Each structure stands twice: as C-alpha cells, then as structure tokens.
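Q: Sequence:
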Amino acid sequence: MNVFLTNVWLILTAVGLTLAGCVVQQQKPPMTPLEIQSIQTREFESPKKIVFASVVSVFQDLGYTIKNADLNTGFINAESAAQDMTSDAEIFIGVISVLGGEPATTTQRVEQTVATAFIEEIGNRARVRLNFVITRQLSSTHGQNSRRDTPILDVRIYTNAFERIENAIFIRSGE
0 MNVFLTNVWL
10 ILTAVGLTLA
20 GCVVQQQKPP
30 MTPLEIQSIQ
40 TREFESPKKI
50 VFASVVSVFQ
60 DLGYTIKNAD
70 LNTGFINAES
80 AAQDMTSDAE
90 IFIGVISVLG
100 GEPATTTQRV
110 EQTVATAFIE
120 EIGNRARVRL
130 NFVITRQLSS
140 THGQNSRRDT
150 PILDVRIYTN
160 AFERIENAIF
170 IRSGE
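Residue numbering for the sequence shown follows numbering that gives the first Met the number 0, beginning at 0 and increasing consecutively.
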C-alpha cells in the first residue's frame with residue numbers, strides 16, 4: 000500500500016509541475032497608434048520659441064547630446080551616450096580563445112537611447128510630441144553587424160519628461 004501511495008504522490012507531483020510549467024503569462028495587447036500618441040504628446044500655453052528652447056534644455060539636462068535642432072521645422076534629434084553592454088564573461092572567453100590560438104570571436108553590444116521631439120505652433124499654444132527609442136547594436140569580430148530599435152512606451156518616462164519641460168517653460172516665461 001505504501002508503494003502505491005508513493006507512486007500516486009510522484010505522479011501527482013509530476014503532473015502538477017508539468018501544468019505549472021505550462022502557465023502562459025498574459026501579455027498586454029499592443030498599444031494602438033492613438034494610445035501611443037496620447038502618451039507622447041502634450042500641449043503648452045506658451046509660444047513655440049520658448050517651448051522649443053525648453054525641450055532642448057530638458058534633453059540636455061537628461062544627458063542627451065543634441066544632434067540636430069531646427070526651430071523652423073520644430074524638430075529636435077538627440078541621443079544619449081553609447082553604453083558598452085558586452086559582458087565581462089564574453090570578453091574573458093574572447094581573451095581565452097586568442098591565448099589558445101583561436102581567432103577572437105567576441106561580440107560587442109552597444110546600447111543608447113535616441114530622443115526626438117516635434118514642436119508645432121497651434122494658435123498661441125505649442126504642441127510637443129516626444130519619442131524615445133532604445134537602439135541596440137551588435138558587432139562581431141567577423142564583421143557581422145545588426146541593429147535593433149525598440150520604442151520606449153513607458154508612460155512614466157514621458158510623464159517625467161513633460162513635467163521637466165513644463166518646469167523649464169515656467170522658468171523661461173518668468174525671465
């Protein structure tokens with residue numbers, strides 16, 4: 000009887016573990032273009048010139064380098080410093096390979112964030128649309144390169160940026 004109970008217990012445990020492994024996490028449905036636009040866009044009751052300068056200032060405060068900014072078109076392009084994401088283990092394996100007489104086969108991973116802004120004048124107001132994208136570039140010692148861009152759709156990121164822009168507008172409007 001003990002052998003029977005032990006076998007039943009083992010079978011139930013195996014079935015339970017198998018079913019637990021089959022649980023599928025529910026993913027959020029992808030955002031619609033209108034939802035994306037709503038988190039990326041804000042209007043300010045200030046002239047375009049003040050809003051434009053405030054966005055440039057906030058991008059710089061956040062550590063971005065301004066690559067291009069044109070008041071006439073309202074377009075600003077900025078990027079963060081590139082970060083080498085190559086792990087120490089990958090570097091170590093590459094060094095060991097070279098010491099062992101093999102050609103180096105390490106892959107370098109570089110990541111940076113690109114930020115763009117479009118500021119348009121609507122009457123006596125200015126509308127700002129921000130866009131943040133993470134760019135990951137991989138390059139191997141064999142000359143293979145790849146790049147993957149991933150939009151950042153975290154509401155908190157945009158809320159933080161717009162709050163800073165609003166503060167910068169307030170400061171500039173008082174000058």
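Hint data in this document are derived by calculation from the structure and do not stem from the laboratory.
Given the structure is predicted, the values throughout are model-derived calculations rather than measurements.
There may be inaccurate statements among the hints.
What the hints assert, rightly or not - Between beta-carbon pairs, the in silico distance windows are: (1) R124 / Q82: 16 to 22 Å; (2) H141 / K48: 29 to 35 Å; (3) P32 / H141: 35 to 41 Å; (4) T140 / Q26: 19 to 25 Å; (5) G62 / R171: 29 to 35 Å; (6) T31 / T140: 40 to 46 Å; (7) E110 / N67: 19 to 25 Å; (8) T140 / L61: 14 to 20 Å; (9) R171 / R147: 33 to 39 Å; (10) D60 / A81: 18 to 24 Å.
Just so you know, even glycine gets a beta-carbon here, dropped at the ideal spot from N, CA and C.
Q: Are the hints correct? Go through all of them and say.
A: Status of each hint after checking the structure:
1. For R124 and Q82, the Cβ-Cβ distance of about 37 Å falls outside the hinted range of 16 to 22 Å, so the restraint is violated.
2. Judged by the Cβ atoms, the range 29 to 35 Å given for H141 and K48 is violated: they are separated by roughly 50 Å.
3. Checked against the hint of 35 to 41 Å, the pair P32 and H141 passes, with Cβ atoms roughly 39 Å apart.
4. Our hint of 19 to 25 Å for T140 and Q26 is violated, since their Cβ atoms are close to 36 Å apart.
5. Taken as a hint, the range 29 to 35 Å is violated for the pair G62 and R171, whose Cβ atoms sit roughly 20 Å apart.
6. The supplied range of 40 to 46 Å is met by T31 and T140, whose beta-carbon atoms lie about 42 Å from each other.
7. The given range of 19 to 25 Å is respected by E110 and N67, whose C-beta atoms sit roughly 21 Å from each other.
8. At roughly 34 Å, the beta-carbon separation of T140 and L61 lies outside the given 14 to 20 Å, and the hint is violated.
9. A hinted range of 33 to 39 Å holds for the C-beta pair R171 and R147, which are about 37 Å apart.
10. Roughly 19 Å separates the CB atoms of D60 and A81, a value that falls within the hinted 18 to 24 Å.
Of the numbered hints given earlier, the model fails hints 1, 2, 4, 5, 8; all others are met.
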